[in-house]
Each structure stands twice: as structure tokens, then as C-alpha cells.
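Residue numbers (my numbering), protein chains in the order written: chain A, 682 to 904; chain B, 682 to 904.
Only true hints are included.
With a cut-off of at most 20 angstroms between alpha-carbon atoms, the simulated EDC-like pairs for lysine to aspartate or glutamate come out as follows:
(1) A/735 / A/790
(2) A/755 / B/855
(3) B/755 / A/855
(4) B/737 / B/792
(5) A/892 / A/733
It should be emphasised that the hints constitute simulated quantities derived from the structure, not laboratory data.
Bear in mind the structure is a predicted one, so any value in this text is a computation, not a measurement.
2 protein chains.
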Amino acid sequence: MEIKVLKNILNANSQIAEQNHRLLAGKSILAVNVMSSPGAGKTTLMLRTAEELKGKARIAVIEGDVSSSIDTEKLIQAGVTAIQINTDGGCHLDAGMVNSALLNLPLDELDIIFIENVGNLICPGEFDLGEHLKVVISSTPEGEDKPHKYPLLFTITNAVVISKTDLMPYVNFDMDGFCLTVKGLNQKAELFKICGITGDGIGEWGEWIMKNRDIVRANAGKK
Amino acid sequence: MEIKVLKNILNANSQIAEQNHRLLAGKSILAVNVMSSPGAGKTTLMLRTAEELKGKARIAVIEGDVSSSIDTEKLIQAGVTAIQINTDGGCHLDAGMVNSALLNLPLDELDIIFIENVGNLICPGEFDLGEHLKVVISSTPEGEDKPHKYPLLFTITNAVVISKTDLMPYVNFDMDGFCLTVKGLNQKAELFKICGITGDGIGEWGEWIMKNRDIVRANAGKK
Chain A
682 MEIKVLKNIL NANSQIAEQN HRLLAGKSIL AVNVMSSPGA GKTTLMLRTA
732 EELKGKARIA VIEGDVSSSI DTEKLIQAGV TAIQINTDGG CHLDAGMVNS
782 ALLNLPLDEL DIIFIENVGN LICPGEFDLG EHLKVVISST PEGEDKPHKY
832 PLLFTITNAV VISKTDLMPY VNFDMDGFCL TVKGLNQKAE LFKICGITGD
882 GIGEWGEWIM KNRDIVRANA GKK
Chain B
682 MEIKVLKNIL NANSQIAEQN HRLLAGKSIL AVNVMSSPGA GKTTLMLRTA
732 EELKGKARIA VIEGDVSSSI DTEKLIQAGV TAIQINTDGG CHLDAGMVNS
782 ALLNLPLDEL DIIFIENVGN LICPGEFDLG EHLKVVISST PEGEDKPHKY
832 PLLFTITNAV VISKTDLMPY VNFDMDGFCL TVKGLNQKAE LFKICGITGD
882 GIGEWGEWIM KNRDIVRANA GKK
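Here chain A stands alone, though its shape is the one from the complex (with noise of 0.2 angstroms):
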């Protein structure tokens, strides 16, 4: 009985994802589902890719949050266009709440669009919203076994970012077993080793995103 609620409720967001993934297909937009860890630096990616992108890209970023709407006041401040999603108590975002987020912002004047999933390695993984591209980001200080622990996330995401690497000296992060586990669960995942305070690896990952939005141009040309 549960199992066919689930899979109702999976139904249902599958088709809204696609609405979702339709409405920005034909506004030409890239959409990027952002999904980590509480605390791994997904709002920090954030700021730090905003300003990687100024003049090349005009950004805005769905805030996915339990509570609070801290996140989105901090984008808003630094001139990044930003909307909050608050799911009170829900453990992961829904195509339909993303949806609502897309028809409040102006797509017209948009061409990548991040979505900064819940604080939560496991049950975003389990809901499709439209993107065209998942990324997962795992900090240093979380430590290199979370793929072996929350393998779902990392079998699924077409990157991997490894965050807080400014930390790398003062806690014990195998980098290369890390990197070794990804590539076993996901040899198509790309990989970025990024700091948020130094800003090293920003310009990689960035040239990785506009990419991308190329891609998704491109198609939307070929159209």
C-alpha cells in the first residue's frame, strides 16, 4: 500500500519535472540542481559562481529550505536573483514546488538557473524537478566515505564537487580515495575541487556550467 502511494507521488512529480523541463527548454535556460550535506557550502558555490559568471551569464537561484529564509537574504544582498522555497518540515524540493519558484521569476531575462536543493545527501536523489544537470557537493570536513555511505546521490549526478579544500591540512580527507569511489559509482561524474573562501577551482567549474548553457542553446536552436 505504501509502495503504490510512492510511486503515485513519483508519478506525479515525474510529470511536473517535465513540464518544468519543457518551460525551460523552450525560455533556453539551463537548470542546475544543487543537492549536499547540510553545511557544505552549497549557498557559498552560490555566490562565489555568481560572481564567476557576472557579465557572461544572468543567473538566479531557487533556495530550497526547511525553514528560514537566511540563504536567500544573502544572494538578494550580494545582487543575485533569488527565491526562496520553504518546504516546513519536507526533507527534499518537488517539481511542483520548483515549478511554482519558475512562474515567479523572470525567464525572459534569465539563462542558468540554480537550484539549491535541501540539506539532505539522500532523499533529493529520489526526485527529478526538471534540471538538466544534478550536482552534489561534499565537503572536505564530511570526510571521503560519503559516496560508500549515500551512494544514490553519487551514481546519479553528472558532477562532484569537493568543497572546503582550504581545510584539506587540518582534517583527515583522503582526496584521491575519494575521488577513486566517485569514478567507481559514476565514471561519467566530473569532478571540481573548490574553495569558497580562496575562490580556487571556481574558474573551472565555471567554464564547466557555460558550457552547458551552450549545450542547451544549441539544442534549443536546433529546434
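Keeping the supplied structure of chain A fixed, place chain B upon it in accordance with the hints.
Quick look at chain B alone, frame taken from chain A:
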């Protein structure tokens, strides 16, 4: 419809949680539900606690993980009685899983059982396991805004353990602000500041655990 099903799940969970609680009370065993984000230091705290309580109390750890048995292997290597629950994708432990684990532990030879929940700052808060105490670990690199963004766990917990205090010089963590926010949500929550590497703060934490173990034993004696 979904709400009804969820209620049924939670009702069924509560009934098994009560069974667990009676079973533990009958054996005068203190049970502690340990919850946190992935990588906040749950297993490290378990290892340090086992050292600290050696000769004072006989402990066991029930290890909850989506996948893998890495943490149970670490504990067993350190001589700690431990049993693994894999949720196979599930985002929290429920009372039924803990019941199965309890039935596989030598209860007559134990004083304290730590239940290391799945790394998730949201979903475990919805599921009572029959424990006496809930404990939330929050690590300094996660940032001081976690109680604002994930309020449920911080509101229902008996104690908050602030871990990785050795990283304070390298991360932007407002300790006073964090403690004030926790107290604002939950005036009764005990606060402990610990470092799993140096052992700082483990003594005070161990004393609190032993005090609670004595309360469980005294209550059992009264019956």
C-alpha cells in the same frame, strides 16, 4: 490520502517504539538516539565515548546507514559491540529496525545502547525509536545557522554536541550565536563542545551520559 498513510506509518512506529522502550526499561538499559548531518562525527563520538566509559558502563552501538558497514567495522575493530542496520535507501531509522537490532544484542550484558541514526538532519526527527535521550551533533564547519534552517531536531533534542571544535580557527563559526539560537529553540537542551581528535570535552559528555544511565537504573529499581 498521503497524510492518512503517513499517520498510519507514524502510529505503527510509535507502538513499536513503546515496545522498545519497555524492553530497554526492563533491562535497565539507557538508549540514546544520536542524530546529525552526514560527516558531523557520530562514529568518532561513539569511539571516544566507548573509551571514556570503559570500565564504567557496558555499551553497544546500533549503526544506521543507507549503505555500507564501514562504521560498524571501525567500532568492532576498536572492541566496541556494534550491529549494523542498512536502510537500503531509507533516510532514517524507525522503531521496527531498532527492535530487530535489539533482539540481536546481548541485552543482559549491556548498560547503554547508542543508536547512531542515518546521517540526515531532517527525517530522523519524525521517528521515535523508544530511546530515553535524543542527541544532535552539529559540527563547526557546517556553520552556525543549522538550528535556524533545520529547527525540528534542535527543538526536540535533549542535548546538542558541537563537534570539531579544533577547526574553529579555520572556519567561520559563531559559537555564541549558535548556542543562543539553540537555547532560543530549546531552553532545556544541554550543550557540549567536543573534539574527537584531541578528546576535549568528552569527559563532561561522558558524565552526563552516566548521570542519565543512573536515572534509568533508579527508575527501574522503583518498579
